[in-house]
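The task is simple: from the sequences and hints, build the whole structure.
Last residue of the sequence shown: 553 in numbering that gives the first Met the number 0, with the numbers rising by one and none dropped.
Fair warning: there could be bad hints in the mix.
Said to hold, decoys possible - Below, a list of computed lysine-lysine pairs in the DSSO-like style, where the Cα atoms sit at most 30 Å apart:
#1 Lys154 to Lys135
#2 Lys126 to Lys545
#3 Lys182 to Lys126
#4 Lys126 to Lys179
#5 Lys418 to Lys41
#6 Lys154 to Lys179
#7 Lys154 to Lys182
Stated by the list, open to error - Using C-beta positions, here's what the derived DEER-type ranges look like:
#8 Leu500 to Met171: 34 to 42 Å
#9 Gln81 to Leu316: 57 to 65 Å
#10 Gly361 to Asp497: 34 to 42 Å
#11 Val438 to Trp160: 26 to 34 Å
#12 Met171 to Glu92: 34 to 42 Å
#13 Gly361 to Gln231: 48 to 56 Å
#14 Gln427 to Gly452: 57 to 65 Å
#15 Trp553 to Tyr278: 37 to 45 Å
#16 Asn166 to Pro125: 23 to 31 Å
#17 Ala315 to Ser423: 34 to 42 Å
Simulated from the structure, these hints should not be mistaken for laboratory data. Built from N, CA and C at the ideal position, the CB exists for glycine as well.
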Amino acid sequence: MSRISLWFSIGWIFLLFSGCVPSTVEVSPTQPENSLPVETTKVFSLSENTPTVVATDVPTAGAFPIWFDGAIPPFARELILQDKLFTVADNPENSIGVFEIGAPEGINAIQAGVLVYSLAVAFPEPKMSESLKTLKDIWWGTLSFPLLMSPETFKVFNAYWGEPTSNSIEVMEESLMLEKVWKTPGAMAILPFDHLTSRWRALPVDGISPFDSNFFPQSYSLGVPVRMVMKQPITLSIQADKNLFAHYRREQITFLAMTGVTALSRRTAQRMNEKGVLYPQENIGALLSSADLTHISNEVSFNPECPPEKAQLREALFCSPPEYIQLLEAVGTDIVELTGNHNLDRGVEAYLYSLSLYQERGWQVFGGGEAQAQASKPLLIENHGNRLAFIGCNQAGPEIAWAGENSPGAARCDLSWMKEQVSSLRSQGVLPIVTFQSVETEDYRPAPMQRPGDYLQMAQAGAVIVSGSQSHAPQGFSFIENNLIHFGLGNLFFDQTDTFLTSQAFIDWHVFYQGRYLGVWLIPIRLEDYSRPRLMTQDESLSLLKKVFEASLW
0 MSRISLWFSI GWIFLLFSGC VPSTVEVSPT QPENSLPVET TKVFSLSENT
50 PTVVATDVPT AGAFPIWFDG AIPPFARELI LQDKLFTVAD NPENSIGVFE
100 IGAPEGINAI QAGVLVYSLA VAFPEPKMSE SLKTLKDIWW GTLSFPLLMS
150 PETFKVFNAY WGEPTSNSIE VMEESLMLEK VWKTPGAMAI LPFDHLTSRW
200 RALPVDGISP FDSNFFPQSY SLGVPVRMVM KQPITLSIQA DKNLFAHYRR
250 EQITFLAMTG VTALSRRTAQ RMNEKGVLYP QENIGALLSS ADLTHISNEV
300 SFNPECPPEK AQLREALFCS PPEYIQLLEA VGTDIVELTG NHNLDRGVEA
350 YLYSLSLYQE RGWQVFGGGE AQAQASKPLL IENHGNRLAF IGCNQAGPEI
400 AWAGENSPGA ARCDLSWMKE QVSSLRSQGV LPIVTFQSVE TEDYRPAPMQ
450 RPGDYLQMAQ AGAVIVSGSQ SHAPQGFSFI ENNLIHFGLG NLFFDQTDTF
500 LTSQAFIDWH VFYQGRYLGV WLIPIRLEDY SRPRLMTQDE SLSLLKKVFE
550 ASLW
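In structure tokens:
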């Protein structure tokens with residue numbers, strides 16, 4: 000959520016030549032890696048002046064000549080050279096040191112950084128994770144599965160793991176790999192984590208992924224160390240960070256957790272009354288609150304005139320007692336979507352009261368508001384340098400749920416206006432996310448009455464993510480180029496656990512890096528006891544992935 004913010008920045012690095020002292024490394028006290036002490040989430044306006052950032056050189060006597068071993072990939076060379084501390088020597092003999100793949104060995108070597116790679120499959124491949132042992136078995140030829148990598152990546156792992164003895168390693172240009180894995184069932188690929196796009200699906204290796212909010216490159220199986228072997232006796236003083244360069248920059252990543260239907264009423268309310276307001280989040284609260292931005296689609300307004308006993312009644316008009324907002328606080332809510340069709344069940348006063356509760360907590364809303372103009376207005380959020388725009392609307396109605404010119408409610412869908420907004424935002428470097436409250440269907444496949452063509456139009460206009468917020472069951476996917484469509488996530492906190500279909504759902508963990516969308520980590524959940532979701536087991540997850548992928552519109 001948004002209170003997780005910026006980590007330390009690397010301090011000045013000084014190289015001092017010395018002809019009489021051995022190489023030493025002096026490291027100043029530093030915070031734990033990935034500590035993010037400064038708030039970085041803000042609402043921004045496209046009309047505001049963007050400050051100019053002026054780069055200044057490190058105050059040294061000059062750039063120091065270094066050499067790169069042939070296995071160091073081009074992107075890593077750019078990272079090492081970008082601060083202008085080093086320059087490339089005309090030959091190895093004239094360098095002060097050589098950058099190589101591998102952990103430091105000997106007193107003249109230090110760790111310069113870690114290259115972070117991702118194991119990935121084609122998005123529709125029903126696979127959740129892999130082990131380093133399996134990858135090594137493929138590398139050494141004891142298992143035979145296609146494993147793709149670019150020539151540059153192959154050089155890195157050839158230096159790190161040793162020369163492979165396998166015919167399963169397929170080396171090709173990175174631009175050709177995605178099409179290959181989509182056509183080759185079971186194929187996997189290794190590529191730099193920041194080269195991912197949404198049509199890839201990154202897999203954890205031994206349970207660890209660069210898509211984890213608490214990721215540490217040094218403890219990751221596909222984190223490849225780079226060392227600097229110094230050829231001359233020098234003293235190297237490093238402040239604030241132990242590495243000379245950073246490939247993975249946590250302060251430039253945004254993790255967005257998007258969720259499905261939340262309706263704190265009926266039997267969900269009954270369980271909250273019996274077992275505590277926070278009971279529903281016990282299994283997934285820590286996960287949701289670890290995101291930089293946590294999205295909740297809340298479909299029921301809070302109401303001072305709604306005591307807990309009333310909230311649990313099995314009636315058509317829903318309400319939630321004010322104390323239930325503690326549940327949304329506990330899961331780290333940052334953004335509340337208001338496209339649902341039950342928020343006006345108890346009238347305008349309850350709706351406006353709910354808006355005041357969100358505002359008091361600093362939560363942002365979209366897809367609904369005090370009037371149509373506010374309800375349809377894009378929510379612009381900047382987090383860790385990534386600029387996102389949220390636009391939501393209600394397709395399904397009923398009309399009484401929609402905002403009017405001077406009355407609150409959910410935003411009506413105006414596709415022409417929305418397409419213009421999405422296209423304009425994308426042209427300004429903002430990444431649009433569009434959500435629909437469509438007609439509800441309980442099927443893995445999107446139904447015609449759900450109007451999936453509207454989702455496609457938003458993706459064609461440039462929305463990087465188009466998501467269905469209405470669905471009480473998990474639904475399939477589609478793509479327009481690299482723009483992802485998820486037709487429905489299913490429930491988050493709601494009581495529909497009577498059928499196997501509606502007891503399943505997804506949390507979509509979207510990842511943005513340096514102003515680009517890298518893709519989604521699909522987190523399957525199972526709703527139990529009318530209220531409480533838990534993470535699915537491996538077998539449950541694979542079964543769900545197969546079903547939704549078969550129901551997808553590829």
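- Item | Numbers of unmet hints, in rising order | 11 and 14
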